[in-house]
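Novice: Residue numbers (this note's numbering), protein chains in the order written: chain B, 1 to 242; chain X, 1001 to 1222.
Simulated from the structure, these hints should not be mistaken for laboratory data.
It cannot be assumed that every hint is accurate.
[Unchecked claim] In silico DMTMM-like pairs for lysine to aspartate or glutamate, Cα to Cα no more than 20 Å straight-line:
| hint | chain 1 | residue 1 | chain 2 | residue 2 |
| --- | --- | --- | --- | --- |
| 1 | B | Lys54 | X | Asp1117 |
| 2 | B | Lys114 | B | Asp178 |
| 3 | X | Lys1018 | X | Asp1117 |
| 4 | B | Lys198 | B | Glu216 |
| 5 | B | Lys54 | X | Glu1014 |
| 6 | B | Lys198 | B | Asp170 |
| 7 | B | Lys114 | B | Glu138 |
| 8 | B | Lys54 | X | Asp1109 |
| 9 | B | Lys198 | B | Glu182 |
| 10 | B | Lys54 | X | Asp1107 |
| 11 | B | Lys198 | B | Asp221 |
| 12 | X | Lys1018 | X | Asp1147 |
[To be verified] Partial selection, computed: residues in chain B whose CB lies under 7 Å from chain X:
| hint | residue |
| --- | --- |
| 13 | Phe24 |
| 14 | Glu97 |
| 15 | Ile101 |
| 16 | Arg195 |
Even for Gly, the Cβ is constructed at its ideal location relative to N, Cα and C.
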Amino acid sequence: MSLLAVENLDCRYGLLQAVRGVSFEIAQGETFALIGANGAGKTTLLRSIAGAHKPHAGRVTLDGVDITSLPAHRRVALGIALVPEGRRLFPTLTVEENLRIAAARNSTGRWNMKSVLEVFPILQPRRHMPASTLSGGEQQAVAIGRALMTNPRLLLLDEVSLGLAPIVVDAVYRSLIDILQEGATVVLVEQDLTRALKVSDRVTCMLEGRIVLQGEARSLDRNQVVGAYFGLRRPASGSASA
Amino acid sequence: MIALGYVLHLTVLERSLKSGVLTPLLATFGLSIVIQNLLLLAFSPDVRSLGGSTGAITTASWQVTRGLTVSALGMVILVVALLLFGALHVFLSSTRAGWAMRATAEDADAAELVGIDSRGVYARATALAVAIAALGGLFLAIRSVFDPISGPTQLIFAFEAVVIGGMGNLWGTLIGGIALGVAQTLGAQIHPQFSVMAGHLLFLAVLIVRFGGGRAILRPVR
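Please model the entire structure based on the sequences and the hints provided.
Specialist: Written as structure tokens, this is what we have:
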């Protein structure tokens, strides 16, 4: 059975419809990449899965249980963690406080302060500094570490490379690949097509709130993805779902 | 009072927060007018005090030098304030609930995403605030006199103490409160009617220095 299922999800901001009738399923252990231009609805979709945005219509289920009406903090307890766009750390809290605040109560999971600092050793000397004094790459590491501290079953990553120097993005992704190889279930929003195709099992391309292309990362042709990304031409019927 | 604060948040503040940060300000201001008038109806505008029923502590004092005496009640209030600030400091900096409160204050949306029930945190913060304000009110009632409409004056003093100490700065608020009190006492030495004015002048001076110094006043008009 799939871990997460999204059924006919509609999300709106007032009159603006950001996500239109999106459905997909994610299996345990899968890495699922969401790509698309700015304003395609990727962030809204992730926020709806995490519970930070209330959908207008449709259903989100985890393990077959309907969680559409649960607030975000209850979904964290069920195992959904979002690394939000722009990192959104607590600026005056120290790195350690930022991490410990997210720690699951009485959790015996894979992730704790020690294991997170092992994956992101650059944070070790920064532990007692306020999060606002860190560089962009370090802040992104804290944001990912903070999500891991909740010991998620489903990790949602929203543009972790946004605003970071390429060399820092490489470092962040090296740590991420370690996490992915341990069998984590991940939904990844990424602007960098090459990177998205490289790390993920399955790729979904969104355009104006709809899914325009979906398929195995290995089987997708780059030109096909680029076409769907910009909406230049309709993708071939075999791999498309509108 | 703790329960009252909790209920206040869930019934009034939470709804008003949805329309921005200024709406709770207006809502509580309106609520204060309602409460003042209900108190006027129920208890008349007579001035009262708890000083008479608290015994010797109200008037006790220690003579330090010939010209200087320290009142016992003043010391009790200072010690309680210090203990309270210390307890708040420890709560906010070293407990999980304290971190949750600071995190929610900084970014309620992100706090939800790490599993914090921001609604509950807001309600608990309001409960704490109402309880502490009630303690302050109790000491005011012992030390001085009060009537149904003494609230607004205290509100201005509290606001000035917070601004002088720096918004969001815990110990700064204590220092701001003491600075305000010293200014008012010194002002009263000049003329009894100058007491409150001296506090306001200190507040204005702090505002001017903090937001642009002398240039703020002397900036050429275009």
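Novice: Hint by hint, say whether it matches the structure.
Specialist: Do the hints match the structure? See the list:
For the hint pairing B/Lys54 with X/Asp1117, the CA-to-CA distance comes to about 16 Å; that is within 20 Å, so the pair holds. Note on B/Lys114 and B/Asp178: the hinted pairing holds, with a Cα-Cα distance of about 16 Å set against a maximum of 20 Å. Proposed proximity of X/Lys1018 and X/Asp1117 is supported: the alpha carbons are some 16 Å apart, at most 20 Å. Between B/Lys198 and B/Glu216 the alpha-carbon distance is near 11 Å, which keeps this suggested pair within the 20 Å criterion.
Distance hint between B/Lys54 and X/Glu1014 is fulfilled; the C-alpha atoms sit about 18 Å from each other, no more than 20 Å. With a C-alpha separation of about 13 Å, the suggested pair B/Lys198 and B/Asp170 falls inside the 20 Å cut-off, and the hint holds. Restraint check: the Cα-Cα separation between B/Lys114 and B/Glu138 comes to about 17 Å, which is no more than 20 Å; the hinted pair holds. Our distance criterion of 20 Å between C-alpha atoms is met by B/Lys54 and X/Asp1109, whose separation comes to about 13 Å.
Pair hint B/Lys198 plus B/Glu182 holds up; C-alpha atoms about 17 Å apart against a cutoff of 20 Å. At most 20 Å may separate the alpha-carbon atoms for a hinted pair to count; B/Lys54 and X/Asp1107 meet this at roughly 18 Å. A C-alpha spacing of about 13 Å is found between B/Lys198 and B/Asp221, which places the hinted pair at or below 20 Å, so the restraint holds. Among the hinted pairs, X/Lys1018 with X/Asp1147 is inconsistent with the structure: their alpha-carbon atoms are about 34 Å apart, more than 20 Å.
Annotation: interface hint on B/Phe24 violated; nearest CB of chain X at approximately 21 Å, more than 7 Å. Hint status for B/Glu97 relative to chain X: holds, with the closest Cβ pair at about 5 Å, below 7 Å. Of the supplied interface hints, the one on B/Ile101 holds, with its beta-carbon coming within about 5 Å of a beta-carbon of chain X, less than 7 Å. Look at B/Arg195: its Cβ only gets to about 24 Å from chain X, farther than 7 Å, so that hint breaks.
In the structure shown, a violation is registered for the earlier hints numbered 12, 13, 16, in ascending order.
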